[in-house]
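Peer 1: Protein sequence lines correspond, in order, to chains C and Y. The first sequence begins at 160 in my numbering and counts up by one. The second sequence begins at 160 in my numbering and counts up by one.
It is worth saying that the hints were derived from the structure and are not from the lab. None of these values were measured; they are calculated from a predicted model. Worth double-checking, as some hints may not be accurate.
Same chains, same label: a pair holds when it works inside one copy or across any pair of copies.
To be verified - Okay, derived cross-link-like pairs now, DMTMM-like style, lysine to aspartate or glutamate, Cα gap no bigger than 25 Å in a straight line:
1) Lys-384 with Glu-370
2) Lys-257 with Glu-321
3) Lys-357 with Asp-434
4) Lys-289 with Glu-321
5) Lys-289 with Asp-275
6) Lys-257 with Glu-347
7) Lys-222 with Glu-177
8) Lys-289 with Glu-318
9) Lys-306 with Glu-386
Number of protein chains: 2
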Amino acid sequence: MATLKVPATVPSPTDDAEQLRKAFKGWGTNERLIISILAHRTAAQRRAIRSIYAQTYGEELLKSLDDEISGDFERAVVLWTLDPAERDAQLANEVVRKWHQSNLVLIEIACARTSDELFQVRRAYQARYKRSLEEDVAAHTSGDFRKLLVPLVSAYRYEGIEVNNSLAKSEAKLLHEKISEKAYSHEELVRIISTRSKPQLIATLNQYKNEYGKTINKDLNSDPKNEYLAALRAVIRCICCPERYFEKVIRLAIKGLGTDENALTRVITTRADVDLKVIEEAYYKRNSLPLVSAVKGDTSGDYKDMLIALLGHDI
Amino acid sequence: MATLKVPATVPSPTDDAEQLRKAFKGWGTNERLIISILAHRTAAQRRAIRSIYAQTYGEELLKSLDDEISGDFERAVVLWTLDPAERDAQLANEVVRKWHQSNLVLIEIACARTSDELFQVRRAYQARYKRSLEEDVAAHTSGDFRKLLVPLVSAYRYEGIEVNNSLAKSEAKLLHEKISEKAYSHEELVRIISTRSKPQLIATLNQYKNEYGKTINKDLNSDPKNEYLAALRAVIRCICCPERYFEKVIRLAIKGLGTDENALTRVITTRADVDLKVIEEAYYKRNSLPLVSAVKGDTSGDYKDMLIALLGHDI
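Same shape as in the complex, but just chain C:
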């Protein structure tokens, strides 16, 4: 369930584009107006506004936003304004160019999207960067991470709900064997988690727990400092319980003294029109604090207002 709130009567894209232009003009920028429009439109509506804006004013809306606003607020508005596939392509490219083992964004994009969404990301990536996503991932990663990430970003998983129980049984056994041998990057393990359909994989992991007494992620937590194991656990969580995965990303982003604005912005802009409501519920359950209060406590100014608006609350 999404948190995005769209008004009952939506102005025409032409009116929205005109209002945005007004928000940019004159002395200072009207940030509230920008938020009141963009944070309350669907992806298709934002696309229409961008198209009309470029036709009318001879400049890309994203360029105007870049000129008028800045910092975390700009990043939140720009990421949100992009089409979901373009946004993911940009996030993936940022990560790939300065790739670090602890970064889980590629896994998020590969595993917490539908098969068709991931494919659209691959198309958008090519259109923008003139290379394929898997080509860049393969060229910028190495070792166990490459063995895992390239098939994950290249996957086009079957999405039917059919489950083969005897296969779930035999592959649970195989996974357990490899994990017991600490062969975490064994090609059979990677094959299973990168090619099987999500319902099939969930059946396999249920079988794993029933048969061997612990969840696979417990067994993949033998060394909390091992970043490859953390990546494997993220794959499993993005596939089996994305809302709990995203809750944790937000929790860690907010926790402690500083805030990880990049992570917070990413989760809120990528999930506001998907399942942010469910993530909010998971957050409340885990932290006994409404997500909106936590966000208000940790952010400020227009950036805060943008996130609160995307969370579906009044600013």
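Position chain Y relative to chain C; hints supplied.
Peer 2: The following block gives chain Y in isolation, referenced to the frame of chain C:
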């Protein structure tokens, strides 16, 4: 260039469906009529005929064909009548179910199609078999072949013509190193040939030849009996010179006493509306014999007539 010949005035799909129904009815089947219609329609036209036929007669055209005709003739007509993506999905599934290292069909489908065509094959595969293509390939292959085939069938290569020359130089060097070390399944080698765009890969292979004096396929021919090396050479040929690859498949299918009808049918039905004319030219150049004469000499009956019609000649 295609060999497919479509009449200047094409009957409506309704008329075609009616004629086909007539060809099936009564005493015996009118094979000539079947050929005269189906072998002279584009994929879109055949699709329209199938759709109208099913609506009108309450039976799939492919089912009627299966009841009325048989053997090599049936296989040629049925494969041809399928949509290209469905046909490739069927061919891939046949191969995967009884996979053998010497079989190059998966490589053909992965490397001698455009990126979008390959993606459509993956979609068609899921629609028909309720599993993903890469899932089946990964589950039914092993060792070096799996390392090569899974990324190849999962690829969505960039199709722009941009070439990075310094990258071509460095990757030619890398390929030469790995081949010199006989590390033919090294992950860097597989990465390069399975993810780079075709123009980029061709530039790399030109660089390889300029720098090291021999084509990569000469260097990959150190052991003619090694089937993995044969697979690698097929990848290179399907990407760099598909017409020469297909010429060779046809040549070997026809050569000697028996005929490999499966291979002959596959190449003619998959290439008749793509580049069979160019393959014909390559065949003539290599064998000093027109392909149509070779096919006439090696086949007979309705099967022969179907192939000749697809080759664009009168039967």
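Peer 1: Now tell me, hint by hint, if it's right for this structure.
Peer 2: A quick look at each hint next to the structure:
no.	hint	result
1	Lys-384 with Glu-370	neither (27 Å within a copy, 45 Å between copies)
2	Lys-257 with Glu-321	between (39 Å within a copy, 23 Å between copies)
3	Lys-357 with Asp-434	within (17 Å within a copy, 39 Å between copies)
4	Lys-289 with Glu-321	between (37 Å within a copy, 8 Å between copies)
5	Lys-289 with Asp-275	both (20 Å within a copy, 16 Å between copies)
6	Lys-257 with Glu-347	between (29 Å within a copy, 20 Å between copies)
7	Lys-222 with Glu-177	within (16 Å within a copy, 59 Å between copies)
8	Lys-289 with Glu-318	between (29 Å within a copy, 8 Å between copies)
9	Lys-306 with Glu-386	both (14 Å within a copy, 24 Å between copies)
The structure fails hint 1 only (numbered hints given earlier).
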